[in-house]
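> Heads up: the sequence shown runs through residues 64 to 138, numbered per my numbering.
Keep in mind the hints are simulated off the structure, nothing from the lab. It is possible that some hints are incorrect.
Quick list of in silico lysine to any residue cross-link-like pairs, SDA-like style, CA-CA up to 20 Å [unchecked claim]:
no.: 1; residue 1: K75; residue 2: E89
no.: 2; residue 1: K75; residue 2: A111
no.: 3; residue 1: K75; residue 2: G102
no.: 4; residue 1: K75; residue 2: D88
no.: 5; residue 1: K75; residue 2: E95
A quick note: this is a predicted structure, and the numbers were derived from the prediction, not measured.
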Amino acid sequence: MTFEDALRMLEKVVSRLESGDVPLDESITLYEQGEALRGHCQARLDAAQARIDQIVRGPDGAPTGTRPFGDDPAR
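Can you make the complete structure from the sequences, with help from the hints?
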């Protein structure tokens with residue numbers, strides 16, 4: 064399932080839960096589905112972030128290499 068598909072499904076689940084018109088048992092099932100979809104979305108975002116490299120630039124502004132996204136250059 065793509066990130067976008069999971070996000071759309073999650074939005075529908077949240078909308079149904081926020082409506083207040085769902086019986087308790089169905090609300091619990093929807094909450095479980097929503098939590099699974101949230102986990103899927105988070106995993107996809109984490110995987111995407113891991114693939115992004117930040118370009119490191121030298122004093123003259125020219126690229127000097129790459130480092131993983133989120134790496135603290137001060138370390």
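> Now, for every hint given, state plainly whether the structure supports it.
Hints, verified against the model:
1. K75 x E89: At roughly 14 Å apart (the allowed maximum being 20 Å), E89 and K75 satisfy the hint.
2. K75 x A111: At roughly 24 Å apart (the allowed maximum being 20 Å), A111 and K75 break the hint.
3. K75 x G102: holds, 16 Å
4. K75 x D88: holds, 17 Å
5. K75 x E95: Answer holds: K75 to E95 is near 13 Å, not above 20 Å.
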